[in-house]
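Each residue of the sequence shown is one higher than the one before, starting from 42 at the first, in our numbering.
Hints in this document: simulated from the structure, not taken from any laboratory.
Be aware that a few hints might be false.
Across the chosen pairs, the derived CB separations fall in these ranges [said to hold, decoys possible]:
hint, residue 1, residue 2, range
1, Arg347, Met91, 42 to 50 Å
2, Val289, Ala126, 24 to 32 Å
3, Val62, Thr114, 16 to 24 Å
4, Gly304, Gly92, 40 to 48 Å
5, Asn147, Val95, 23 to 31 Å
6, Gly304, Arg65, 35 to 43 Å
7, Gly322, Gly128, 31 to 39 Å
8, Val109, Gly322, 44 to 52 Å
9, Leu225, Ala344, 18 to 26 Å
10, Ser238, Val95, 36 to 44 Å
11, Thr345, Gly158, 36 to 44 Å
12, Gly157, Asp357, 35 to 43 Å
13, Pro325, Val109, 20 to 28 Å
Derived lysine to aspartate or glutamate pairs resembling EDC-like cross-links, with alpha carbons at most 16 Å apart [claimed, not checked]:
hint, residue 1, residue 2
14, Lys394, Asp377
15, Lys90, Glu399
16, Lys90, Asp135
17, Lys90, Asp70
18, Lys219, Asp135
19, Lys394, Asp376
20, Lys394, Asp357
21, Lys394, Glu61
Beta carbons: idealized from backbone N, C-alpha and C, even for Gly.
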Amino acid sequence: ADQIHPWSRFRGAGMVSSAEVVIRTTSPDVKVDAMCVTPTGDVLCVGTKMGGRVWHGEIHNASPRSGVARVATARAGLTSVAVLADGTVVAGSDAGIIGAWTLPGNLQPRAFHLAGGGSHAHDAAVTALATCGGGGGDPGGQILVSAGGDGAIVAWERLDDKNNLNNQLGGEWRPVSKARHAHLGPVHGLAASADGSMLASVGEDGYVRVWSTPVGALGDGAASPNVKTPDVRRLTPLAERAGEDVRVGSGRAFCVEWCESVGAIAVGFESGDVAFLETDGIHPDSRGGDSLTGGDSSGSHSATLRTRGVVTAHSDAVRGLAFHAPSRRLASCGDDGAVCVHVGELPATTRWKPHGGEYARCVAWDVSSDGGATTLLSGGWDGTVRSVEGG
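Modelling step: build the complete structure from the supplied sequences, incorporating the hints.
Here it is as structure tokens:
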């Protein structure tokens, strides 16, 4: 049952573990918890440090090709980060608030207004952010999805000054779809499929769920007549799998990554296992349809995600996953401080500890390099983001 066999359609590739520093935060006390890479190669990371009796957040931006580095601060710890189609950087905080900053630029604060007033996107920490759509120059196509420690997943769309859906312009953000109880306990991770049609989530309950990408209430770019209290559609899962069904003792699920080119999603568990679950046959039209207003997504009929294989990747909880589609390599990191690259039927072709004895909390691939070169980045609790060059 414990045979390691994630999938047979990987391609092999060599890695060199130079672990050069890309970002060094203002203090080793800043714990880097999340990061992302823009299409132009800018690296963004967020972290948290204790100042007196209060947690403070930092967001860092580094442009390795230009050598420019920027930093901005927040009044609460920052736990998640994403970049919108218009270049706006959004980050979730442990206070349940989503903040925004400009990019390119000097990371100047930008208002993130919620329709109807209020400032809190969640009743607990914003634990994960993801974007869906926004391609093809369609300003109304991008949806921002947030997950929280309150167990909820919320999809947001932005309205312009005339209350038309337009995510390229400043305006208020309104909730358009929601799963009030997406997981029993905090939601720990989100990942969107490459085409933006589906979203995967994992949580404290050890469950993995796949959802249809949220869409606007009207779907034609026009706002609901009642903008302040629009119809909010309830998200319904297309498929799911419990961690205990994958392997007994897997525990909480902390991270998820869509590996579309091999027909699977990867899930990182508290036990140190990475499970690969089949997505073949699951598509947005397989759902029974979203329903209006309503809160609990439990009990809805959904398909079962089949297990393709399980890798014992780490000796402690897996905290981050990143898939490189061209070479079909999966990177993972964990609380054992290790960063691994999984290729073929081997559990890991490369393993190293770039952050010393500290936790490695996030990984990302930078595929923007000229000449086809690829860089693997990892962020850790030593207050750094470090790079490894790939072949």
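How the hints compare with the structure:
Judged by the Cβ atoms, the range 42 to 50 Å given for Arg347 and Met91 holds: they are separated by roughly 43 Å. Between Val289 and Ala126 the Cβ separation comes to about 42 Å, which falls outside the hinted range of 24 to 32 Å. About 21 Å separates the C-beta atoms of Val62 and Thr114, a value consistent with the hinted range of 16 to 24 Å. A C-beta distance of roughly 46 Å is found between Gly304 and Gly92, which places it inside the suggested range of 40 to 48 Å.
At roughly 25 Å, the beta carbons of Asn147 and Val95 sit within the given window of 23 to 31 Å. Checked against the given bound of 35 to 43 Å, the beta carbons of Gly304 and Arg65, roughly 39 Å apart, stay inside it. For Gly322 paired with Gly128, a C-beta distance near 37 Å keeps the hint of 31 to 39 Å intact. A C-beta distance of roughly 46 Å is found between Val109 and Gly322, which places it inside the suggested range of 44 to 52 Å.
One distance hint, 18 to 26 Å for the beta-carbon pair Leu225 and Ala344, holds here, with the actual separation near 20 Å. As the Cβ distance of Ser238 to Val95 is approximately 41 Å, the hint placing it in 36 to 44 Å holds. Between Thr345 and Gly158, the C-beta spacing of about 41 Å keeps the proposed range 36 to 44 Å intact. For the pair Gly157 and Asp357, the beta carbons lie near 42 Å from each other, so the given range of 35 to 43 Å is met.
At about 40 Å, the beta-carbon gap between Pro325 and Val109 misses the expected band of 20 to 28 Å. About 9 Å separates the Cα atoms of Lys394 and Asp377, which keeps this hinted pair within 16 Å; it holds. Proximity of Lys90 to Glu399 is assessed by CA-CA distance (about 15 Å); at most 16 Å being required, the pair is judged to hold. Of the pairs offered as hints, the one joining Lys90 and Asp135 holds, with about 12 Å between alpha carbons and a cut-off of 16 Å not exceeded.
Of the supplied pair hints, the one linking Lys90 and Asp70 holds, its CA atoms being roughly 6 Å apart against a limit of 16 Å. Between the alpha carbons of Lys219 and Asp135 the distance comes to roughly 20 Å, so the proposed pair goes past 16 Å and is violated. Between Lys394 and Asp376, the direct Cα distance comes to roughly 11 Å. Compliance with the 16 Å bound is thereby established for this hinted pair. The hinted pair formed by Lys394 and Asp357 meets the criterion: a straight-line CA distance of about 13 Å does not exceed 16 Å.
Annotation: proposed proximity of Lys394 to Glu61 holds, straight-line Cα distance about 12 Å (limit 16 Å).
Hint check: violations occur at hints 2, 13, 18; the rest are consistent with the structure.
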